[in-house]
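**Q** Single-letter residue listing:
2 protein chains.
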Amino acid sequence: MSHRSTGRLTLPIETGMDEELVALVERLGADAVRNSDGTELPEIATELVDRVYSTYFPARGDQDFALAHPDTLTHIFLMSAPATALGTDPLTIRVMEGYFTDQLRPETDVDTERYWQVMDRTLGTPLARSAWELEGNGEDARVTITSPKPYHVYTVAFLAAQVWDSTQMYNYLTNDWHLEPGRVKERPYEVRRPEVWEHVRAALPAWLESHPEVDVVRFTTFFYHFTLVFNAEGKEKFVDWFGYSASVSVEALEAFEAECGEAWEPEDFVDAGYYNCPFRIPHPRFRAWIAFQQRFVAERARELVAATHEAGREAMMFLGDNWIGTEPYGEHFASIGLDAVVGSVGSAATCRMIADIPGVRYTEGRFLPYFFPDVFRAGGDPCAEANDSWRLARRAIVRHPLDRIGYGGYLSLAVQFPEFIDRVEQIVAEFRSLHENSGGERPVNSRHTVAIVNAWGSLRSWMTHMVAHALHYKQAYSYLGVLESLAGLPFDVRFLSFDDIRAGVPQDISVLINAGAAGTAFSGGPAWLDPELVASVRSFVARGGGFVGVGEPTAATPPARDGYPQAGAGAILQLADVLGVDRETGWSLSTDRYPKVCEHPIAEDLGPELWAGERQGDVFATTASIVRLHDGSVDVAVNDYGDGHAVYLAGLPYSAENSRLLHRALIWAATGSLEDLTEVWIADDPRVEVAFYPSVERLFAYNGSEAAISTRLRGPGGTEVSVDLAPLDSQWIDLATPAATPGEA
Amino acid sequence: MSHRSTGRLTLPIETGMDEELVALVERLGADAVRNSDGTELPEIATELVDRVYSTYFPARGDQDFALAHPDTLTHIFLMSAPATALGTDPLTIRVMEGYFTDQLRPETDVDTERYWQVMDRTLGTPLARSAWELEGNGEDARVTITSPKPYHVYTVAFLAAQVWDSTQMYNYLTNDWHLEPGRVKERPYEVRRPEVWEHVRAALPAWLESHPEVDVVRFTTFFYHFTLVFNAEGKEKFVDWFGYSASVSVEALEAFEAECGEAWEPEDFVDAGYYNCPFRIPHPRFRAWIAFQQRFVAERARELVAATHEAGREAMMFLGDNWIGTEPYGEHFASIGLDAVVGSVGSAATCRMIADIPGVRYTEGRFLPYFFPDVFRAGGDPCAEANDSWRLARRAIVRHPLDRIGYGGYLSLAVQFPEFIDRVEQIVAEFRSLHENSGGERPVNSRHTVAIVNAWGSLRSWMTHMVAHALHYKQAYSYLGVLESLAGLPFDVRFLSFDDIRAGVPQDISVLINAGAAGTAFSGGPAWLDPELVASVRSFVARGGGFVGVGEPTAATPPARDGYPQAGAGAILQLADVLGVDRETGWSLSTDRYPKVCEHPIAEDLGPELWAGERQGDVFATTASIVRLHDGSVDVAVNDYGDGHAVYLAGLPYSAENSRLLHRALIWAATGSLEDLTEVWIADDPRVEVAFYPSVERLFAYNGSEAAISTRLRGPGGTEVSVDLAPLDSQWIDLATPAATPGEA
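Heads up: the protein sequence lines correspond to chains A and B, in order.
Final position of the first sequence in the working numbering is 1558; the numbers increase by one with none missing.
Final position of the second sequence in the working numbering is 1558; the numbers increase by one with none missing.
Here are the computed lysine-lysine pairs in the BS3-like style, where the Cα-Cα straight-line distance is at most 30 Å:
1) Lys-1287(B) with Lys-1287(A)
2) Lys-1050(B) with Lys-998(B)
3) Lys-1050(B) with Lys-1409(A)
4) Lys-1409(B) with Lys-1287(A)
5) Lys-1048(A) with Lys-1409(B)
6) Lys-1409(B) with Lys-1050(A)
Derived by calculation from the structure, the hints in this document are not laboratory data.
All values derive from a computational prediction rather than experimental measurement.
Input sequences plus hints: build the corresponding full structure.
**A** As structure tokens, this is what we get:
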């Protein structure tokens, strides 16, 4: 039943290789082509495929305009390095110390009482404007606190102009564009300014008219860049892929106040130097700012998308760069009217982050490796990277298929690696088979819906524990593994905020997951000191629900009373009674523990040790049964609570084994037994996963490992199928016929 | 110059081995003998030595009295296990669940509105007496909360009688005394009751009169046992060597209120189940209770000591068992008028804890191993234990000599191990040499005085990070190593509270040490949010002082405002500016760190990795120079601050290498250079230490390792001596003569 399929594939193309292009497009069945940074679309593009994509930069694309309007730069709030007054002498702080003056310029001409703020951090209070002086400008700008309190720490928050677009700066510096004649340092412009918006709105139709070959406008992206600040050496100093710091300006701040009636101060944005990163429990004022910018970005983007449609083209958004305020899972996103979203795929979680976006007709994942000389060089192994990326992403694509996949970079480099092209051909065929052999439906999921609960809820669906897009962070991977596992497991996954569950956990939820380190937005921090919230979750579990806690779930310390820490109900984990474990802080060393490890079926596939990643201190059991213990600290534990069940995991970096542990833990938490493991199909070997498509009565089994595996697949009612899979291989199995049916893969 | 020396040694003796005793006392030069638990003094005792010790138990010694007065038991506050109301039904809590009914009995006949307390832990508030009912008694006592708030957590605090003395219970259960006819379960009696005190006061003179052979009354101890609670299986459930839980009673609580005007509630004592363990930041009311009991215990103990003196005997206190309220470093201790303190020595720190006690004429250390069958058995190696104990204790004894040493247990067992007796002879000789060859003075210390600063200050000198006496705790050893190192380093060590330094660090202090995990009394917790305190320490360092932080020094999180965590000055380490490092909590992952490791002379003796013990999460450098990095987290860092210097250490379990690192860190922190390392003498090899006695112009060099070591000793002004030391060996070196002089060791 093998057949040549085409479509669903976007290739990056370039000039000077027309003949190869024709052959390659035919061979791979590509139906769309695109340019990349640094490549031009060849004239042959429109003849090759139905659809031609082109990047479009609404807020930095026209540097003639930018240079002609130097007062239209976008802005950012920055905080100086903290300085301690070592006495009563005036304390001078050079605000730009540590910042990259090529990127940023302090705004000394604004109302500095309003847009600058000097904080006494030892007291936590701002200084009156009369208590400090501002002198100099640019690199030399300096604030002098005339009579500091001795040995108090001070910081200066200030508004700065962004004189260089962050992404273009990164590309420029990374690719040595200073060597290329004609390259400019692109300046971003603030669309809130009327003259800018007039220009941006007018420029798009003109561009569309002059680019008739373009079928799909790939917006890269809209108006505000995520927070990306470089240091004095021109290296990354601060990065927050979700950061709104660079979405501020006098215009925006005035509008915010007018529109929302919200008082604000620079501290609301610099946040003591944490800049409201997503690990911080979001302050209501920061939430208000996000909502405010979402409304604005959606409204303006909608106009650009409408103009695109008016010209008969499609509008696609790149999920990155200037994506701030779009909030794909926010309430205004669908109103933008985009046809599609495209994003970079490096894992299952990032894949689902794109695939699950509501309100667009289709999604596209840009796969790794990017065709750049770092991988496509003598001795490089692009096949290995392709395999790794595919192995991870496939898990997510099976559960919720992207509509399209694509690549980026220099095709001329990739074609020098024929084995890589062979592998791409296989991957694309396997990808298409998921659409074609599935009958166009998503595979069956468990009847038990799982919800991740944190401070952010649905707004940050599939975005938890991310700092810079898909990069590894030591403090995050032990929790990110939960998301990565879920992205490929047969569960409907929802993202709920504490507000969503305070009055009661929604009826359709079977298991709540709370994962993260203490004091972060992901575990929740002080939210768990709310009696209503803890009672709600306890009630949910006691009436038969499931709760899975990872790391320091529900951790919160009641505020000190008269400088003396109060003990809570928990004591540190506020739902210690539900989990049956608590986090040691040194306060209960006096209590003897007699930890005994017992066997439990949720750990049947697990080795003697859990790969827990970065453990957060010690955890002891109160009422839970310990399933895995590491150096005296609980790694895995299970607890009965009323009619419900809870599982504690110290950490869960992604691996096939850990994903299987989570799978079992969720089923057990939901039901108190593991019978429902075969409610949908499951492979005996955790490295193999399987999807079931009931309409076509087919299974898709896929091997996520580099080993050849023979295993048994088990389904509802005791049905079984055996399967042999080569390394990384997959197989379609027709349940209507007794033998396995070779599929596309 | 070798000669037979005698004295300073106490031997445990027993009946039935008179001939051996005479020889052994002569051979070892013992000048005192004692009985032990389970042994009787033989009649020959008074002929053997000048001084005969006998144990004396003021508050449990007379069980006839105890049984005749069953209403005089001592009491303890206990907390039930927490229970969650899984709905609105009445919630019944069996208060004794998990407790040992042979040890404890709930007091149901007291005013239960006053001496019992039901807490809604979810709200943190107590319930009115009318909201709960008490039924049953003894094991069956149960509290029913008639209308609980659904899914709130409740606990019951209650007063319980101690029907069995904790230490006697431990000995009874451990030694199977139920098999020995005549053994009773001893009941402790409360000396606050007038009839008890009358009896106790009268019993001592009578006992002294009937025991003319006793020269030294070894009080074991006075009135209140440290907190030691057993579980339902008769095993240890809760232990706090510093715990005051068992010092309560109706009489005491009424007196407290009358004397101090302090309102109190049971929660003040049960403390959410932490029972005011020394790791908790001490609440003012708990401090008031300690002060109150100190005054009482000192006053009553003074009477017993006076009676002892009146009978012409000496009064010695055992530091343990019923020592609560004596507080050897408290303001009332000297007023008791004791002649001596004896305590068990297992390390340098415990040795200094005894040796440094002010207000007594002499101190005695009871050495390990105890002559018990667990070590003195076929295949046992008592010499190894003796060596290990001596190697650790010697470091402390050199710096501040105990006046006497001794052993405990069954001498009849020990004499079956002739090699052990040989080793004891050597150890005793080496111990005496420290008194004799030193000219009776303490060795020279550095001119730089070091102070450990924590919530307890001098009250708990040499007692930090202890839970049960000298036992190993995973959460404590990484900090206890600081104390253990200091106990044998050439520094004057002081213990200061935050109150002691708030208005300014005392003039004579060169370096402050703050060591511990976040939120504990030892690091300090919320104390560091006090602007006056942080300014005081900053000022001290900036003006040239030193600061050494270990673990999570000065860690504190400002209280949440509207459920939103505020960032402090620090940010987590409130003196992050002084230390140049901060603790990562996930809030600053967005900030790029470019950690570079540099060489620094404080780490010259250190291998590529610090043995940091249990690291507390990740630490990053802000302004500090990183000296050791472990998996991206700072292990050792140094920072200049004004004219002063700070050192950060992730943890410091005790080892010769770590002790040397601390030595160097302290000198560097004090002066910014290492010149003063040879201000007093130092050995090149960190395993060898050296003491200098100026009056006699002698060095005492001692090898703390199992290896033979040749090393160079360096002193002030470039003086040098070479020394060869056998494993564990020591040597006296006469600086007046060119060659090394063989000493006693």
